[in-house]
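Q: My request is simple: use the sequences and hints to build the entire structure.
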Amino acid sequence: MHIIVTVKQVPETRTLRMDEATGTLVRDSGTAIVNPLDLYAVELALQLKELHNAHVTAISMGPPHAEKALREVMSMGVDDAVLVSDRAYAGSDAWSTAWILAAAINTVKDFDLIICGERATDGDTGQVGPELAAALNINALTYVNHFELASAGDFTASRLVEDGEEQLAGKLPMLLTVVKEIAVPRLPVLEGKIRARRAPVKTLGQNELKLDERLVGLQGAPTRVDKIFRPQIMRDCIMASATQGQGALAAVKQLNEFLLTRRIGGGGV
Amino acid sequence: MKEAFSGIWIIAGQRDGELLRISFELIARGLELARKRNTSLTAVVFGAGMTNKELYRLIRCGADRVIVADFPELDKFDLELHAACLTALINEYKPEVVLAGATTTGRSLAPYAAMNVHAGLTADCTGLDIDPESGLLIQTRPAAGGNIMASIKSPSCRPQMATLRPHSCLPAEPLKGRGESSGVILRMKQLPPSPEGRNTVKHIGFCPLSEDFGIQDAEKVVVVGRGIKKADNLKLVFDFAKRIGAAVGATREVVDRGWMSYPHQIGLSGKTISPRLYMAFGVSGSIQHLAGMRTAETVVAVNTDPEAQIFSIADFGITGSLFDVIPALIGEINAGNATWIK
Ligand SMILES: Cc1cc2nc3c(=O)[nH]c(=O)nc-3n(C[C@H](O)[C@H](O)[C@H](O)COP(=O)(O)OP(=O)(O)OC[C@H]3O[C@@H](n4cnc5c(N)ncnc54)[C@H](O)[C@@H]3O)c2cc1C
Chain A
1 MHIIVTVKQV PETRTLRMDE ATGTLVRDSG TAIVNPLDLY AVELALQLKE LHNAHVTAIS
61 MGPPHAEKAL REVMSMGVDD AVLVSDRAYA GSDAWSTAWI LAAAINTVKD FDLIICGERA
121 TDGDTGQVGP ELAAALNINA LTYVNHFELA SAGDFTASRL VEDGEEQLAG KLPMLLTVVK
181 EIAVPRLPVL EGKIRARRAP VKTLGQNELK LDERLVGLQG APTRVDKIFR PQIMRDCIMA
241 SATQGQGALA AVKQLNEFLL TRRIGGGGV
Chain B
1001 MKEAFSGIWI IAGQRDGELL RISFELIARG LELARKRNTS LTAVVFGAGM TNKELYRLIR
1061 CGADRVIVAD FPELDKFDLE LHAACLTALI NEYKPEVVLA GATTTGRSLA PYAAMNVHAG
1121 LTADCTGLDI DPESGLLIQT RPAAGGNIMA SIKSPSCRPQ MATLRPHSCL PAEPLKGRGE
1181 SSGVILRMKQ LPPSPEGRNT VKHIGFCPLS EDFGIQDAEK VVVVGRGIKK ADNLKLVFDF
1241 AKRIGAAVGA TREVVDRGWM SYPHQIGLSG KTISPRLYMA FGVSGSIQHL AGMRTAETVV
1301 AVNTDPEAQI FSIADFGITG SLFDVIPALI GEINAGNATW IK
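Which chain is which? The protein sequence lines are A and B, in order. Mind the numbering: the first sequence is residues 1 to 269 in this note's numbering, read in order. Mind the numbering: the second sequence is residues 1001 to 1342 in this note's numbering, read in order.
All clues given are correct.
Facing chain B, according to a computed beta carbon distance under 10 Å, are these residues of chain A, among others:
id	residue
1	Asp122
2	Thr142
3	Val161
4	Gly164
5	Glu165
6	Met174
7	Leu215
8	Met234
9	Asp236
10	Ile238
11	Ala240
12	Gly247
13	Arg262
Hints were generated in silico from the structure; no laboratory data involved. Cβ atoms here follow ideal geometry from the backbone N, Cα and C, with glycine treated the same way.
A: Here is the structure:
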């Protein structure tokens, strides 16, 4: 069995910056980490690897230094890594990223299961997973919080939706996007780190994929960031103190008065 | 080629044959765009056993047309199958704009179909506008961890697709003078074929959340942060939340400690909410948390630290301990002095 996990290198949120002139994320500032939500996808893949003797390949699209993210997940136990990288791919949006990843996945070994994180903490669209499934022409389950594989590619799973949990059964091939509840990501082990340092990372670019340039990178991205602006985050906060005078009671009375002036609606007892 | 596309579409959501609130929020947004662009509004519904009576609600609220794909196979959500229907409809009718809710369904269906029809798709928009002449959709969404807003366009591809954050506007109400004859209902004739045979997913059960409503649909949300100190103290918060009819959310600190489960987490790596009332107790207001609640209508915060960042986006703040304030809140409710609850 072959499992593919998608991994993205993202800036640590503390250092996230936008270039206010071009409206794109500045990716080389600060520390780059593996998208925290991808670690859950990696962990599920590794647990399935242990149970079903699967082979796990991690794939990432990004600049050359995204190789570091791939080595990091290899140190957790991922077997192989593929870096999809080319100047022509820079500026891709979710659509063109999924399109390119699908082409790259089609050049590697047949897969049974693809696992993606719910979304990346930088772009934050959560679209690449479902778009990748569409580009590969396979079905997908999103927001998966439980997944169990039986023999011959039958599985049971559950999805976390707004008002509860859907229990499902199906057959591979399938693409999953997983939420945090799926598993607790393991830490890299020393042995893994040593292996990851030496392991080859396969690189794929335009030379190998030969994609229609009208469909990749900035040119191929259907969406354009028109402008960025700072949201009005400050609100005029009326402050009350529960530590002075009549304390909590006075503050609460003032709050109740204030709430009467807002449109809140009923529903209480 | 762009000229071949016209009309505004919304993808309505339903459960067990009943339209969800998000459908009417989308109608409200879609109607605004359709009027500005002087074009028609279509609502697309997927389901099984959708009655005309229910579908006419969409027409009364402003839809000129309802297209319904009504098949037993569409009773429960199957991504590939639903997307195949949407793709077929888009290819046949060529809408200029397609809006879906940024719900677990919409955020799955819209990208899957967008890939199929090569459409630009913007996730989780909080604002939408349209240029009446060119029909260019201007989509506003939070970016970079919520620190910044981006406005996004899809200049060359059609349709222009967007998912809209639930509760980012009020649902449409029936309009005066509109009845069943104000629009038409079209029923899709057959399911689109699948080129390679369908790998459908079987629904074997549903386990509802223990609370009465999902946190994202709640009008009021009470959020606890690490200031609660230990799981035992949560009783106090749940008691208060119940009295005002609020759902309970948490920060990542609280979820990571196992005090509350992940579905309660609000923020960048949790859920996004836009309730009418958001009340924070012992929440510091980190950027990542704010990313999930910034669009709340009224924000109240209680924190011992007068410098806590949560106060900078609050409308009303109390400096003090939640262990003093919550009992006082409950006391005032019991005394009948919290008349805002109605
Ligand atoms: C990639 C990434 C993603 C993240 N995603 C999320 C996310 O989705 N959601 C999220 O919430 N966080 C997220 N975080 C974590 C975030 O950075 C903060 O650590 C977290 O939000 C802080 O939670 P808190 O406010 O409960 O705790 P703290 O920051 O520790 O704040 C506790 C607050 O309680 C106050 N307090 C203490 N005692 C009392 C009392 N008796 N009464 C009243 N107030 C009291 C303190 O003054 C303090 O302000 C993320 C971080 C990263 C790096």
